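J.: Chains as they are written, first to last, in this note's numbering: chain A, 1 to 271; chain W, 1 to 271.
Quick caveat, the hints were computed from the structure, so don't treat them as lab data.
Source: prediction; values computed, not measured.
Don't take each hint at face value.
One copy or any two copies: either way a pair holds, since identical chains are not told apart in the list.
Claimed, not checked - In silico BS3-like cross-links for lysine-lysine, where the CA-CA straight-line distance does not exceed 25 Å:
| hint | residue 1 | residue 2 |
| --- | --- | --- |
| 1 | Lys268 | Lys14 |
| 2 | Lys71 | Lys110 |
| 3 | Lys265 | Lys179 |
| 4 | Lys129 | Lys139 |
| 5 | Lys110 | Lys27 |
| 6 | Lys268 | Lys71 |
| 7 | Lys179 | Lys71 |
| 8 | Lys265 | Lys173 |
| 9 | Lys201 | Lys27 |
| 10 | Lys13 | Lys141 |
| 11 | Lys14 | Lys110 |
| 12 | Lys13 | Lys84 |
| 13 | Lys71 | Lys84 |
| 14 | Lys139 | Lys84 |
| 15 | Lys13 | Lys265 |
Below, each chain spelled out in residue letters.
2 protein chains.
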Amino acid sequence: MTTQTIFEQIQLKKSFLCLGLDPDLEKIPAHIISSSEDPIYDFCKSIVDEVQHLCVAVKINTAFFEAYGPKGFASIDRLVRYIKRHYPDLFTIADAKRGDIGNTSLRYAKAFFEAMPFDAITIAPYMGKDSVEPFLTYKDKHAILLALTSNAGAENFQLQTINNEELYKQVLKQSQHWKNASQLMYVVGATKAEHLAEIRKLVPESFLLVPGVGAQGGSLEDVYAHGANENVGLLVNSSRGILYADSGEGYVEAAFEAATMLQEKMKKLLS
Amino acid sequence: MTTQTIFEQIQLKKSFLCLGLDPDLEKIPAHIISSSEDPIYDFCKSIVDEVQHLCVAVKINTAFFEAYGPKGFASIDRLVRYIKRHYPDLFTIADAKRGDIGNTSLRYAKAFFEAMPFDAITIAPYMGKDSVEPFLTYKDKHAILLALTSNAGAENFQLQTINNEELYKQVLKQSQHWKNASQLMYVVGATKAEHLAEIRKLVPESFLLVPGVGAQGGSLEDVYAHGANENVGLLVNSSRGILYADSGEGYVEAAFEAATMLQEKMKKLLS
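Turn these sequences into a full structure, and let the hints guide you.
T.: Here is the structure:
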């Protein structure tokens, strides 16, 4: 999917919401666990069906599936195929934080872009250029580089000064010169909204994937004010706030309400 | 598995060899492809059976399995269980380069340490302390942090200067203060043997996982001279040099010979 298509979807749906799927058997409603053979798939599918018209992207957090072993990994594949078949306009992100030497990154690209039909994958940049470029050789597919994350550990390395500026800025700047850099996007935590304006200057054209709005405390208005560009250029993720808005039989209605509240805020910001 | 057990195995087998499993359907002998329902599993199993007594560790490169989708991921699980069942003294490493916010890293730890019986997993350190510590809460399990890798992209960030020293040294130093740091090991590329002596000073007790000997050009003698500590403290990996020593029906014998050559060199260094 091209970034132009994502922009068109944002305009059409008046939303730049990304639905984050982090299924957890300890939080999924009991009636699904007891009646389903693949509860993490059925739970996620029911949420997607309910809110797909309110969001432009879906982010599958691979860890929450892999935690259940091969069966969980199979659910990733089943879920992304379901989404692509039923809602081909949704931008599908594997939040997988992969990245390795070139020859190995190429295999991760095959996994997520060929064996499975994802549009994008999140990548840790620590191993540098040749660990990222294999993901950018696929037409209309995207690598979403970790730049500045919203966790406490961002202080350890990302915010340390390297050549007179923070490491995460080096990641943003250097990566803009890599091959097919127009297919790069960046992860930027919303709890660091004060950094967003600076980030936007360094990567004026790129889409930013912003987790951490809502439960983790970031403000949607701040993110939009500092992070939006001419094509919006933002995908703001919400996971737990939608998935677990209610823990009982009314969970889909509660998810719908939570997603609607976010989409209405976004609609206001976009107008 | 404790590092003491690894050391005892090194003494017993007179080897600090780690067998790297990077199965590639384009390189696996044709007769396996045509006769097996799970050729990447059968290929890896046959190599492990042949060389298990010559090595102390096995490293499964998850990318080469995930490239084949859910079926490939299931082969990881099948393979590590086979190894644990038949060769419980082998130290099993998931070369998976995971790492995310704490809550998500915890799920990757569950995937590799509970759903699957790995002893260790490789981790990218970009997200800092709280992305790594969840892996260290498992008794006798290990997180192997990327420090200095052997690819060209190591220049982009790892070798850049941060607080007057290279980023990879910051990773080594800071991580030594994290909770349960005694369960940390580090990935250090053998092509950077000149850095090994400095690394050994910073992490005197830790095991180092060293890829890049052989095909990628590092010298085993240099690695040992600069990297060994009192408990050896080295796991030197060879993947392609063993797996694809021969592409035909004689591949297991060729793998045996390639592994034997490395083990004999190691035996000499250890004596």
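J.: A separate judgement is required for each hint: does it hold in the structure or not?
T.: Hints and how they fare:
Within a single copy, Lys268 and Lys14 get their C-alpha atoms as close as 9 Å, which meets the 25 Å cut-off; across copies the closest is 69 Å, which misses it. Taking identical chains as interchangeable, the C-alpha atoms of Lys71 and Lys110 lie at most 25 Å apart whether they share a chain (20 Å) or sit on different chains (14 Å). For the homomeric pair Lys265 and Lys179, neither the shortest alpha-carbon distance inside one copy (36 Å) nor that between copies (41 Å) is at most 25 Å. Proximity of Lys129 and Lys139 under a CA criterion of 25 Å is satisfied intra-copy only: 18 Å inside one chain copy versus 35 Å between copies.
For the homomeric pair Lys110 and Lys27, the shortest alpha-carbon distance between copies (16 Å) is at most 25 Å, but the shortest distance inside one copy (32 Å) is not. Taking identical chains as interchangeable, the C-alpha atoms of Lys268 and Lys71 are never at most 25 Å apart, the minima being 41 Å within one chain and 45 Å between chains. Taking the shortest Cα distances, Lys179 and Lys71 never come within 25 Å of each other, neither inside one copy (36 Å) nor across copies (32 Å). Taking the shortest Cα distances, Lys265 and Lys173 never come within 25 Å of each other, neither inside one copy (31 Å) nor across copies (44 Å).
Taking CA atoms no more than 25 Å apart as the test, Lys201 paired with Lys27 passes in neither setting, with 40 Å inside one copy and 46 Å between copies. Only within a single protomer do Lys13 and Lys141 lie at most 25 Å apart by alpha-carbon distance; the minimum there is 22 Å, versus 47 Å between protomers. Proximity of Lys14 to Lys110 under the C-alpha cut-off of 25 Å is found in neither arrangement, the shortest distances being 33 Å within a copy and 38 Å between copies. Taking the closest pair of Cα atoms, Lys13 and Lys84 come within 25 Å of each other only inside a single copy of the chain (18 Å); across copies the shortest separation is 51 Å, beyond that limit.
Taking the closest pair of Cα atoms, Lys71 and Lys84 come within 25 Å of each other both inside a single copy (20 Å) and across two copies (20 Å). In this assembly of identical chains, Lys139 and Lys84 lie within 25 Å of each other by CA distance solely inside one copy; the values are 17 Å within and 41 Å between copies. In this assembly of identical chains, the alpha carbons of Lys13 and Lys265 lie at most 25 Å apart only when taken from the same copy (13 Å versus 64 Å across copies).
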